[in-house]
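Hints in hand, dock the two standalone chains.
Residue-level listing of the chains:
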Amino acid sequence: MEKTLNNKAWWMVLPVLLLVAFSAVIPLMTVVNYSVQDTFGNNEFYWAGLEWYAEIINSSRFHDALMRQFFFTFVILVIEIPLGIFIALHMPKKGLWASLTLVLMALPLLIPWNVVGTIWQIFGRVDIGLLGAAMDAIGIDYNYTQNIFDAWATIIIMDVWHWTSLVALLCYAGLQSIPDAYFQAAKIDGASRWAIFRYIELPKMHRVLLIAFLLRFMDSFMIYTEPFVVTGGGPGNSTTLLSLDLVKMAIGQFDLGPAAAFSIVYFLIILLLSWVFYTAMTNYDKGESQ
Amino acid sequence: MAEIHLKDLAHSYLPHPSGPADYALKKIDHVWEDGKAYALLGPSGCGKSTLLNIISGLLTPSEGQVLFDGEDVSRLPTEQRHIAQVFQFPVVYDTMTVYDNLAFPLRNRGRDEETIASRVKDIAEMLELTPDLNKKARGLTADAKQKISLGRGLVRHRVAAILFDEPLTVIDPHLKWMLRMQLKALHKKLNRTMIYVTHDQTEALTFADKVVVMYEGDVVQMGTPQELFERPTHTFVGYFIGSPGMNVLPAHVDGSEAYVEGCTVNLDRGYRGLSGSNLEIGVRPEFTHLTSGREGLPVTIKRVEDIGRFKIVRADFFGREVNITVPDGQPISPDANRIMFDPNHVNIYSDGWIVNGEAA
Chain A
1 MEKTLNNKAW WMVLPVLLLV AFSAVIPLMT VVNYSVQDTF GNNEFYWAGL
51 EWYAEIINSS RFHDALMRQF FFTFVILVIE IPLGIFIALH MPKKGLWASL
101 TLVLMALPLL IPWNVVGTIW QIFGRVDIGL LGAAMDAIGI DYNYTQNIFD
151 AWATIIIMDV WHWTSLVALL CYAGLQSIPD AYFQAAKIDG ASRWAIFRYI
201 ELPKMHRVLL IAFLLRFMDS FMIYTEPFVV TGGGPGNSTT LLSLDLVKMA
251 IGQFDLGPAA AFSIVYFLII LLLSWVFYTA MTNYDKGESQ
Chain B
1 MAEIHLKDLA HSYLPHPSGP ADYALKKIDH VWEDGKAYAL LGPSGCGKST
51 LLNIISGLLT PSEGQVLFDG EDVSRLPTEQ RHIAQVFQFP VVYDTMTVYD
101 NLAFPLRNRG RDEETIASRV KDIAEMLELT PDLNKKARGL TADAKQKISL
151 GRGLVRHRVA AILFDEPLTV IDPHLKWMLR MQLKALHKKL NRTMIYVTHD
201 QTEALTFADK VVVMYEGDVV QMGTPQELFE RPTHTFVGYF IGSPGMNVLP
251 AHVDGSEAYV EGCTVNLDRG YRGLSGSNLE IGVRPEFTHL TSGREGLPVT
301 IKRVEDIGRF KIVRADFFGR EVNITVPDGQ PISPDANRIM FDPNHVNIYS
351 DGWIVNGEAA
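Order-wise, the sequence lines are chains A and B. Residue 259 in this note's numbering sits at position 259 of the first sequence, with consecutive numbering throughout. Residue 339 in this note's numbering sits at position 339 of the second sequence, with consecutive numbering throughout.
Accuracy of the hints is not assured; some may be wrong.
Said to hold, decoys possible - Quick look at which bits of chain B chain A covers, simulated, 3 or more residues with Cβ under 8 Å:
no., segment
1, 76-90
2, 101-115
3, 145-159
Unchecked claim - Label pairs and their computed distance ranges (CB to CB):
no., chain 1, residue 1, chain 2, residue 2, range
4, A, Trp275, B, Leu190, 45 to 55 Å
5, A, Trp275, B, Thr206, 47 to 57 Å
6, A, Asp219, B, Asp112, 44 to 54 Å
7, A, Ala98, B, Phe89, 18 to 28 Å
8, A, Arg61, B, Gly110, 29 to 39 Å
9, A, Ala98, B, Glu305, 50 to 60 Å
10, A, Ser99, B, Gly110, 40 to 50 Å
11, B, Phe89, A, Trp194, 23 to 33 Å
12, A, Leu273, B, Ala117, 42 to 52 Å
13, B, Asn108, A, Trp275, 49 to 59 Å
14, A, Ser99, B, Asn108, 57 to 67 Å
15, B, Asp316, A, Ala9, 52 to 62 Å
Please keep in mind that the hints were generated in silico from the structure rather than gathered at the bench. Virtual Cβ for every residue (Gly too), placed ideally from N, Cα, C.
For reference, chain B alone in the conformation it holds in the complex (with noise of 0.2 Å):
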């Protein structure tokens, strides 16, 4: 168990990097809390697998030192950081027997079998794989061999963190749930660090106390579920988290109002001195609500998804699409032409980042 530190680090696969497009993960200065299950989220190619690398050791960092409980083990080899690490494809020793497999860490260790047998035991039954322990690991099924793979990490005393690299993909998915349900649980008993690498924001969202969006090699943010869907500290914050995306869209703003396309928008603070550069005003389609009269921006209905708890409706506001979330058993009135915001709920980016305003 330990807090991971990960001090000005930074890597790039060139030996001679000459700009930020040169790394392949760009410098970061986090702490990350002891027992607490962090989620890295983006897109493929944005350096969670490289973060992910560096942390394992499998990877050495070209800059910065990632420290376990204040220990420096950047330049250390994986089998001496107590690491443990699940795969996206299940690795299971073949020719071996469910048991043989979970003992294998603790023999390569040269512990005796006594302690072996009682650990295992242990973790069989954590992981629910007693039944199996006899049986040769081959055969079993996708998700079975996961678990085997992660009582592999689990069986030793010391493990600091555990790594967990997309492992759900290659498992069906109605057992994906109850894995992921079962990992939960085990995070809950054990209380261990667990590193949880995926591109599905709901498997992030549902499994992590805190989610680390990453985007082209930066940690755009890190945060609560919650923080990640209130507050997007950026724009493709706003896009990759929620179903649908969050509505961008530029705008002016002066005081407590922002204007779009010449229709005003109030929001619930004042900004200063945000003229000259690039402005967008962020708001989650479940604050967009839809309205006729006055008041509002105009918009054309194109479509209404109706996918169960809510229908999603796709408008067009001026050549631009905005969704906008209806609660199932609510009317979507006919004559619907105009949208309106929560105020509370409108965020304003500068620069794809978010600008925090003052009371207004």
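Next comes chain A alone, as it looks inside the complex (with noise of 0.2 Å):
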């Protein structure tokens, strides 16, 4: 049989190809665009070849900045993964308690990113805040806008208030699509609480965690609002973290130029990073099935 060719067909692509051109294609381009270029303002460029990036891949700001984001992502993923599988499974299978602990759960995901910045500023105030009141009356010396640990300890704790949920909910999905007759089996088999963990609800989530891992990684590589509300990248740059510091140069110093290669590294550094746990990750299971 032949086929028929009906070129035509190709029109109906067109919406979706500017659409996509307009927000994704053009801005990434005038970002590239911005990087290899300087400029003294009046609209007025000159073709500055890789001279930009070689200068914040050598710059120890940028790698400082780096290092931090490293650390932050290093210890929310931490503590959010864990103790998202802990939370998910404890959370009541069926019934009205069900119901009101999803909703709960759900509730520091709808609360938008920056209002969860603004709680946590205010919540953490020495002189009106709640916890940093309540600190400051059991004699613990907490003021994170002076001092660099309770700065970080400050927006780490953000962090796992405001994301974890996400990791126990997709966990909780995993757990819930877990037949019956595997418990049921397990402890004909006498298998202790453990194990049950370990063999049977470990494996049955490892696809959601996979999920739950990148999301958090992404999410926390490109993170923000909040630090930015709380913190605002200090006390002196202590937690200048890669996005901070990026708009800092961008736009507080309008390095134009440095600014857009920073940016180019940046999104090079999560998508190698998610490529490599996600290949990583969809390998062991290849493994595994084998």
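Printed below as a string of structure tokens:
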């Protein structure tokens, strides 16, 4: 049978192409354009080649921000993934309590990010904040605007408060999909609680865990709003994560060229790491099934 | 290995059952012999899974006791009952190899690796899983996974009974038959009590020594496949077992004759005092014959279905469908307009339950 060729169908793709062009391709290309040029205003541009890239990659400012970023992401992943699993395991499986818990768990996810920042910013204040004042009252010297450790603790706890729900809800969905027969079989086999977790629940959750891990990795690596509202990157530069630094450079100092190169490097790091994690995990998956 | 005694057992999912309709399992009292294979047969919702879960300990009966060799286990948790169970959908531990799957119940019970190795080897041999021992269980076919589930039960030394909950549901048709034969062979070899839940009569009849037919929470009959076929104690058993099911017609009975729509049916036994109740006669299509002439019940043949080994004749008798099976090779006369019954295979039912007559 001969296939009918009708190239008119290509026109149907046009709206999507336009949409993607204006929403992603053109802005990205603008950034690429800035990253290879230098400007002194007045819309005058000079070719700079890869100069900005070299500068960014070698700058200690970028290295410091990158290290802070890795540290932040590492810590919140180490806390949120196990804690999310733990919460999911203890959430009621059915009945009124199940629905109620689900709503409660979903609440932090529904709050706009800058509101989350504001909540914690006020919550932690020593003069009027519930947390800050309470800490002060029991004699703990807590001040996130001046103490580096307090600042870090505050943004980490805030992120855990905001996003552990996501991990918990994903794991909960994974747990709910395990047929009862598995638990009955485990009972008959005399499996301990730990063995049930290790050999039934964890393997059945690993797909949602992969998604949770990737989402939390990408989001935390790009986090901006909440730490910006709470600490603004301070005290000093101690909580200046990559995105905060980038915005300072682009909007604060108006260094368009270096900021653009920064953006591209930042983007490539996230892309590369996501790809590495994803490939590693799916390969592990394949290895398992053989 | 154990004899299972279900003593005055009943179960209701409601906290305060008021009438028989509230019971998922109505009161039964049965002794299931050690080493026999039993099949629990019945339509969905008849209570067979409830009964199975009570025996396995996943459910605590609201009334009565379960005794294994005289020991009351009704309140014992599953893991202390020494039973093995194979579920409808294969349950394997995905991340483990077949070997580790089989070793799992023994490891949980703290056996040493040497004992485990020899035990696993024996069971794998028996279930023909030896070549797969080092493979991950996840990648195997459904029938191999079911064998692993069964194997996990069998590796333990003291297994009182092996329970199967519709184990062939997800198995490909051509493998179903093979796996069933393997189970049957295994039963002969091991001589353990096996309880097999199914809604498929072929599975039940080929697997079991005794078939327990359940209907609306009641055990309506417990017997050998032959007993179920020849003397169903309830019209439901007649309908449910056999293909097509038993012909059941409303009748009057007087002595050794029954009258159906004014026609006389001869019986080989005498019945007395049955005038008041709701009476029916039940005859299997295999014992119903087509004739022509003046004797028998007048019917109109609607259609004939040829299913290979025999033909099914669907006929109309005063608005009721009557089925007759005709062996392959035996011609169906175009004049056939009446049916006759084998007198010794006509059963009489009163309110659905069989009535035993006296020798005439």
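Right, here's what the structure says about each hint:
no.	hint	result
1	76-90	holds (count 9)
2	101-115	holds (count 4)
3	145-159	holds (count 3)
4	Trp275(A) <-> Leu190(B): 45 to 55 Å	53 Å, holds
5	Trp275(A) <-> Thr206(B): 47 to 57 Å	55 Å, holds
6	Asp219(A) <-> Asp112(B): 44 to 54 Å	49 Å, holds
7	Ala98(A) <-> Phe89(B): 18 to 28 Å	24 Å, holds
8	Arg61(A) <-> Gly110(B): 29 to 39 Å	59 Å, violated
9	Ala98(A) <-> Glu305(B): 50 to 60 Å	51 Å, holds
10	Ser99(A) <-> Gly110(B): 40 to 50 Å	41 Å, holds
11	Phe89(B) <-> Trp194(A): 23 to 33 Å	24 Å, holds
12	Leu273(A) <-> Ala117(B): 42 to 52 Å	43 Å, holds
13	Asn108(B) <-> Trp275(A): 49 to 59 Å	40 Å, violated
14	Ser99(A) <-> Asn108(B): 57 to 67 Å	35 Å, violated
15	Asp316(B) <-> Ala9(A): 52 to 62 Å	59 Å, holds
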